[in-house]
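Using the sequences and the hints, build the whole thing.
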Amino acid sequence: MKHSQIHREVIWTLWLTLFYVIGWVGCAYFSPNGQGWLGFPLWFELACVYLPLVFILLVSLVIKTIFQEIELEGDE
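90 is the number of the first residue of the sequence shown in the numbering used here; add one for each residue after it.
Treat the hints with care, as some may be off.
Computed list of lysine to any residue pairs in SDA-like fashion (alpha-carbon distance at most 20 Å, straight line) [to be verified]:
1) K153 - A117
2) K91 - Q157
3) K153 - L103
Think of the hints as simulated: they come from the structure by calculation, not from any bench.
These figures come from a predicted structure and were not determined experimentally.
Encoded structure:
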């Protein structure tokens, strides 16, 4: 059970990381020109302000629903 849970958590972590990198590149390089609500360039606000906020919420959701407490020390 322990190894399958660890494997599941690793897969979720890799997918979240890949999704974050793709999201950052998409926001930074493929967003339209202009200014955002905070006065910064729109690409900067999307990639460096809003995307991290979304991912903080997403990662906290994944931690609460997918990850489990695992005892790493052996029985003594």
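Status of the hints after comparison with the structure:
A threshold of 20 Å between alpha carbons decides the hint, and for K153 with A117 the separation of about 29 Å lies outside it, so the pair is violated. Note on K91 and Q157: the hinted pairing holds, with a Cα-Cα distance of about 10 Å set against a maximum of 20 Å. A C-alpha spacing of about 17 Å is found between K153 and L103, which places the hinted pair at or below 20 Å, so the restraint holds.
Consistency note: the structure conflicts with earlier hint 1 alone.
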